Amino acid sequence: MGKLKILILFFVMTSCLSQENKIILNIDKDILSDKVDTYIQKYESLDIFSGAIVIAQNGEPLYSKAFGLANRDRNQPNTLQTKYLIGSMNKDFTRVIVLQLIAEDKLKWGDKMVTYLSDFNQQGASEITVRELADHTSGFGDYESWDYVELPYPKKNMETILEIAKNQELLFQPGTASEYSNVGYVLLGAIIEKITGNSYIQNVQERIVEPLGMKNTYLNDILNKPDRTIGYMKTINGIEDTEIVLAEPRPDGGFWCTPSDLLLFYQNLFYGNKLIPENIRTTDSYFKRLIPSFDKANSIEYLAGGTNGHNSVIAQFLKENFSIIVLANMDEPVAEKVADGIVDILKGNEPPAPKLPALLASYDAYKTKGITYLKDNFEEITSNFYPNDPKDGILNNLGYQLMGDGKLEEALDILKLNTELFPEVANCWDSYGEILLKKDDNKAALEAYKKALSINPDLPSAQEMVKELSN
Numbered sequence: 003m004g005k006l007k008i009l010i011l012f013f014v015m016t017s018c019l020s021q022e023n024k025i026i027l028n029i030d031k032d033i034l035s036d037k038v039d040t041y042i043q044k045y046e047s048l049d050i051f052s053g054a055i056v057i058a059q060n061g062e063p064l065y066s067k068a069f070g071l072a073n074r075d076r077n078q079p080n081t082l083q084t085k086y087l088i089g090s091m092n093k094d095f096t097r098v099i100v101l102q103l104i105a106e107d108k109l110k111w112g113d114k115m116v117t118y119l120s121d122f123n124q125q126g127a128s129e130i131t132v133r134e135l136a137d138h139t140s141g142f143g144d145y146e147s148w149d150y151v152e153l154p155y156p157k158k159n160m161e162t163i164l165e166i167a168k169n170q171e172l173l174f175q176p177g178t179a180s181e182y183s184n185v186g187y188v189l190l191g192a193i194i195e196k197i198t199g200n201s202y203i204q205n206v207q208e209r210i211v212e213p214l215g216m217k218n219t220y221l222n223d224i225l226n227k228p229d230r231t232i233g234y235m236k237t238i239n240g241i242e243d244t245e246i247v248l249a250e251p252r253p254d255g256g257f258w259c260t261p262s263d264l265l266l267f268y269q270n271l272f273y274g275n276k277l278i279p280e281n282i283r284t285t286d287s288y289f290k291r292l293i294p295s296f297d298k299a300n301s302i303e304y305l306a307g308g309t310n311g312h313n314s315v316i317a318q319f320l321k322e323n324f325s326i327i328v329l330a331n332m333d334e335p336v337a338e339k340v341a342d343g344i345v346d347i348l349k350g351n352e353p354p355a356p357k358l359p360a361l362l363a364s365y366d367a368y369k370t371k372g373i374t375y376l377k378d379n380f381e382e383i384t385s386n387f388y389p390n391d392p393k394d395g396i397l398n399n400l401g402y403q404l405m406g407d408g409k410l411e412e413a414l415d416i417l418k419l420n421t422e423l424f425p426e427v428a429n430c431w432d433s434y435g436e437i438l439l440k441k442d443d444n445k446a447a448l449e450a451y452k453k454a455l456s457i458n459p460d461l462p463s464a465q466e467m468v469k470e471l472s473n
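Numbering-wise, the sequence shown is residues 3 to 473 according to our numbering.
Any given hint could turn out to be false.
Derived lysine-lysine pairs resembling PhoX-like cross-links, with alpha carbons at most 25 angstroms apart [claimed, not checked]:
#1 418 to 452
#2 157 to 196
#3 298 to 371
#4 37 to 290
#5 290 to 114
#6 298 to 377
#7 236 to 114
#8 409 to 369
#9 236 to 217
#10 441 to 452
#11 393 to 418
#12 371 to 349
#13 158 to 227
#14 44 to 157
#15 236 to 31
#16 114 to 196
#17 217 to 227
#18 469 to 369
#19 357 to 377
#20 168 to 158
#21 349 to 377
#22 369 to 349
Since the hints were derived computationally from the structure, they do not count as laboratory data. Please read these numbers as outputs of a predicted model, since none were measured by experiment.
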């Protein structure tokens with residue numbers, strides 16, 4: 003697993019929170035603008051945010067502004083008309099089409115996946131329902147890996163993912179547990195295509211984009227679009243672009259749009275009737291969960307998406323119809339952090355000062371205060387990290403960056419520490435074995451790989467290296 007140097011995920015964060023402090027929804031526009039501008043300047047001073055922000059009430063913007071550069075090589079600024087990658091937020095588009103097909107009596111929540119998609123023969127696959135695919139309880143997981151990312155751009159498509167899915171064992175029996183699943187939404191997209199006879203993209207265009215008048219949304223041919231953002235990560239070597247992770251939009255993620263188009267979509271998702279009949283909403287477990295929040299003051303629904311160098315979020319006050327949208331072409335979780343800070347401003351509180359991303363903060367702590375300090379204060383140092391992502395990836399990624407730079411002693415320190423912080427994670431030992439090999443310590447490397455296999459006997463890279471080193 004040493005190849006997994008970066009977290010290459012489309013993710014979505016959903017939660018419904020009730021804020022203790024009353025939100026100041028009648029705040030003066032000029033005061034709001036000044037406070038948000040001052041707040042964002044702190045992020046810009048660290049060079050960790052560029053993007054666009056829209057704050058709206060009842061769909062009408064109170065604050066709209068873009069920051070930083072869409073393309074640093076061309077010195078091209080971000081604007082409110084720039085198209086931003088929204089990641090897994092377009093899973094909501096896929097869910098809408100599923101609901102529309104249910105309304106048209108062409109699909110049912112209880113329909114089996116294999117009714118529409120053949121060649122899924124893994125144990126349990128025949129029992130998976132449409133609802134389980136939509137609710138992340140199907141047993142499928144993810145398809146992302148470094149091998150997938152390195153595929154040629156045209157190969158990163160639904161067909162490739164479906165072939166990957168056909169060869170995946172389920173993580174659990176359908177309906178018995180929950181695991182966030184990009185594969186599940188690609189399978190929903192394939193079901194949509196099977197039922198309608200049209201491509202997934204054509205369905206989105208005809209069923210959502212055109213009816214809502216979303217004129218600033220890109221669904222395909224992304225590489226050739228001049229007014230989209232380039233994604234950037236701040237690394238130990240400076241700012242680097244993340245174009246390698248791009249793929250054509252799919253049912254699990256990858257649309258590009260302006261903040262105003264995204265606002266238009268979510269206004270209709272939550273409050274309109276152009277997309278989904280009200281009687282069909284109530285059949286969906288997601289909307290059922292939200293119903294009480296529409297009557298509860300200051301209840302916020304967060305929806306977010308992202309991948310390396312791009313992240314996006316809407317924080318929606320459901321009862322008050324107050325929206326905060328942040329689209330960023332810098333690495334996650336900056337959009338969510340900015341949105342949280344704006345919520346603090348609306349509560350009359352001082353938002354927390356921005357922090358460097360967890361990887362950079364870890365390296366800075368290591369260089370300035372030493373490995374022991376990093377170990378003893380790891381949780382605090384890495385607080386600026388997406389909460390649902392495994393933290394063992396932070397030092398793993400840092401270690402590989404250091405290896406790539408030829409800083410082997412530093413990489414050894416970092417990857418050894420990772421095994422101490424996360425001794426039960428096989429990939430930590432696998433990566434530690436790799437740096438030991440580069441240091442020509444074959445005996446210690448063999449022991450590290452054996453340790454990895456004791457935790458996960460099916461880890462291919464460790465299996466290969468144990469066989470090679472044992473001979």
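Hint by hint, here is what the structure shows:
no. : hint       : result
1   : 418 to 452 : holds, 15 angstroms
2   : 157 to 196 : holds, 21 angstroms
3   : 298 to 371 : violated, 47 angstroms
4   : 37 to 290  : violated, 36 angstroms
5   : 290 to 114 : holds, 22 angstroms
6   : 298 to 377 : violated, 42 angstroms
7   : 236 to 114 : violated, 44 angstroms
8   : 409 to 369 : holds, 13 angstroms
9   : 236 to 217 : violated, 32 angstroms
10  : 441 to 452 : holds, 18 angstroms
11  : 393 to 418 : holds, 15 angstroms
12  : 371 to 349 : violated, 36 angstroms
13  : 158 to 227 : holds, 18 angstroms
14  : 44 to 157  : violated, 40 angstroms
15  : 236 to 31  : violated, 33 angstroms
16  : 114 to 196 : holds, 13 angstroms
17  : 217 to 227 : holds, 14 angstroms
18  : 469 to 369 : violated, 36 angstroms
19  : 357 to 377 : holds, 19 angstroms
20  : 168 to 158 : holds, 16 angstroms
21  : 349 to 377 : violated, 35 angstroms
22  : 369 to 349 : violated, 38 angstroms
In summary, the structure is inconsistent with hints 3, 4, 6, 7, 9, 12, 14, 15, 18, 21, 22 from the numbered list given earlier, while agreeing with the others.
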